[in-house]
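Peer 1: Chains as they are written, first to last, in the UniProt record's numbering: chain A, 1 to 271; chain B, 1 to 271.
One thing to keep in mind: the hints can contain errors.
Said to hold, decoys possible - Sample of chain B residues with no beta-carbon within 12 Å of chain A, all distances over it, derived:
(1) Glu29
(2) Glu64
(3) Leu73
(4) Asp116
(5) Glu130
(6) Asn258
(7) Gln261
Said to hold, decoys possible - Quick partial rundown of chain B residues pointing at chain A, CB under 8 Å, derived from the structure:
(8) Phe141
(9) Thr145
(10) Lys149
(11) Pro150
(12) Tyr160
(13) Gly166
Claimed, not checked - Pairwise CB distance ranges, derived in the manner of DEER restraints:
(14) Glu245/B with Thr195/A: 30 to 40 Å
(15) Lys72/B with His247/A: 51 to 61 Å
(16) Ala68/A with Gly166/B: 33 to 43 Å
(17) Gly166/A with Lys44/B: 52 to 62 Å
(18) Thr249/A with Glu95/B: 29 to 39 Å
(19) Lys185/A with Glu245/B: 20 to 30 Å
(20) Glu64/B with Gly166/A: 33 to 43 Å
(21) His227/A with Lys149/B: 24 to 34 Å
These aren't lab readings, by the way, just hints derived from the structure by calculation.
Ideal Cβ placement from N, Cα and C applies to all residues, glycine included.
There are 2 protein chains.
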Amino acid sequence: MADRGWPGCAASLKGVILDMCGVLYDSGEGGGVAIPGSIEAVNKLKASDLQLRFCTNETQASREKFVAKLQKLGFDILVSEVFSPAPAAVAVLRERGLRPHLLVYDGLLPEFDSVDKTNPNCVVIGDAAEQFTYQNLNNAFRVLTGLEKPVLFSLGQGKYYKETDGLKLDVGPYMKALEYACDLKAEVVGKPSPTFFQSVLNDMGLQPHEALMIGDDLVNDVGGAQHCGMKGIQVRTGKYRPSDERHSTVTADSTVDNLAQAVDTILNQRL
Amino acid sequence: MADRGWPGCAASLKGVILDMCGVLYDSGEGGGVAIPGSIEAVNKLKASDLQLRFCTNETQASREKFVAKLQKLGFDILVSEVFSPAPAAVAVLRERGLRPHLLVYDGLLPEFDSVDKTNPNCVVIGDAAEQFTYQNLNNAFRVLTGLEKPVLFSLGQGKYYKETDGLKLDVGPYMKALEYACDLKAEVVGKPSPTFFQSVLNDMGLQPHEALMIGDDLVNDVGGAQHCGMKGIQVRTGKYRPSDERHSTVTADSTVDNLAQAVDTILNQRL
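Chain A with its partners taken away, still in its complex shape (with noise of 0.2 Å):
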């Protein structure tokens, strides 16, 4: 086969996925704002013979609930389309009978509706912003350290993301608190899991060779992807740090200014 680097890569290619906190819109205050060009981008996608999924480390509300947010946003989003770390959890929690003690955003409480929370064996920890206490972080700790075999769910591990009035400190940042202060090492639900990135390709019915991943985080997005044997484009938008593109150990396939350019980039190769 000749070429497979990008763009040449995207002739062949079957699926596209797709982060969305910081490629399709920047969140705040407000529910966020669309990023230019992004909308029409995922239109364009819908509009080709390209399979399409949306992958989000989001923990702060329901998938329900966030979904509606994109698509009063202007986006064209279903439910269906679009893979989150909770149910993901719940999935595992289900299948190793594990009772959790959450440290979430008041906004995710629902996706755990279904699952026993009485006397926990383990803890599960997203992104939950103010509701990062001193008390919150210690109860989660004390639940941990009373355990004979203490077990740590990570729904994600970035490190800070971008809203409207800065950055702000991510899910990972207090992981690594717990991990230190137990001496263990959390399990990480979501990306860059590859068991999360193979549920969306399995989803599509696709090789990772036939897909590619677009995403503002390096590490999460591009180099997770890429450890699953996709292709890992990172835009210029959202988290993106211009010493991403110098960085030791993941080096995108290619890194482009927005979302609206990577879809055209896409999409010429393919006419």
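For chain A, the structure is supplied; the task is to place chain B on it using the hints.
Peer 2: Below, chain B alone, put in the same frame as chain A:
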């Protein structure tokens, strides 16, 4: 020389360094409570020919207020005998011309009165406890990401300590959170930093092999002292946990029930 192990080594000792919280007293509401036998043990050491210093990673109050609290509990302790991280940090900031953004407990602020804090070019974190809000941690994160060469000082790296109502997260987990978020390594001021232990030895005019450290924190008290060439004894009070006695990297020279037992054993070797 014959037996230099415990307790034989006590015969040739010239000085003893005591950790405070978890050795002398358990902290908690209303100033905490003295650990039975510890007040008398301090008196016995003071009546002996051994030099005595106190070495704490306490960063919730100025040394003056902290020592006053211990005196009220019945301990014969002077401010000049106590070594704590904040004054050590102030010295380092001066030396390097750094202006800190402080994320510390309100009670510690007076220690930094003399330090220029305008237009910060580093961050200092201490055990801020309830003041470790999401907002405060995020502010420290934003200062660090805004610096070309981010510098983070952590007043200790303890994982947790014990108060009368249970275990509480110490500064260490929050240090790890910022290290991960900002891709940096903090400079630890306080135990187990060799510089910190050395400053106590210097004050006594002793060589490491002439001094012994007694603490409840296996890694920071015992391991830190051993790393400097001192003997390190762990007490089974404070944050001691049975698993400490089978730790993978640190083995105490001895583990004793409490300070009273340690002091009686030491003084018996010197009759």
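Peer 1: Each of the hints needs a verdict: does it hold here or not?
Peer 2: So, going through the hints one by one against the coordinates:
Under the 12 Å C-beta cut-off, the non-interface status given to Glu29/B relative to chain A holds; the minimum distance is some 15 Å. Residue-level check passed: Glu64/B sits 25 Å from the nearest beta carbon of chain A, beyond 12 Å. Every C-beta of chain A lies more than 12 Å from that of Leu73/B, the closest at about 25 Å, which supports listing it as non-interface. For Asp116/B, the non-interface assignment is confirmed: its Cβ lies about 25 Å from the closest Cβ of chain A, beyond the 12 Å cut-off.
Against the 12 Å criterion, Glu130/B falls within the reach of chain A, whose nearest CB is about 5 Å from its own CB. Every beta carbon of chain A lies more than 12 Å from that of Asn258/B, the smallest distance being close to 22 Å; the non-interface claim holds. Residue placement check: Gln261/B keeps its beta carbon more than 12 Å from all beta carbons of chain A (closest about 26 Å). Because the closest C-beta pair between Phe141/B and chain A is about 6 Å apart, less than 8 Å, the hint holds.
Look at Thr145/B: its Cβ gets to within about 6 Å of chain A, closer than 8 Å, so that hint holds up. The closest approach between the C-beta of Lys149/B and any C-beta of chain A is roughly 13 Å, which is over the 8 Å cut-off, so the hint fails. The restraint placing Pro150/B at the interface with chain A is violated, with a minimum CB-CB distance near 12 Å, outside the 8 Å limit. The interface hint given for Tyr160/B is met, as the beta carbon of that residue sits about 6 Å from the closest beta carbon of chain A, less than 8 Å.
At a threshold of 8 Å, the smallest CB-CB gap from Gly166/B to chain A is about 6 Å, leaving the interface hint in force. Our hint of 30 to 40 Å for Glu245/B and Thr195/A holds, since their Cβ atoms are close to 38 Å apart. In this structure, Lys72/B and His247/A meet the distance hint of 51 to 61 Å, their C-beta atoms being roughly 54 Å apart. Range check, Ala68/A to Gly166/B: Cβ separation about 41 Å, and the 33 to 43 Å hint holds.
Taken as a hint, the range 52 to 62 Å holds for the pair Gly166/A and Lys44/B, whose Cβ atoms sit roughly 56 Å apart. Between Thr249/A and Glu95/B the beta carbon distance is about 35 Å. The supplied range of 29 to 39 Å therefore holds. With their beta carbons about 23 Å apart, Lys185/A and Glu245/B fall inside the hinted range of 20 to 30 Å. Under the hint 33 to 43 Å, the C-beta atoms of Glu64/B and Gly166/A, about 38 Å apart, fit the expected range.
As the Cβ distance of His227/A to Lys149/B is approximately 31 Å, the hint placing it in 24 to 34 Å holds.
Hints 5, 10, 11, counting from the list given before, are not met by this structure.
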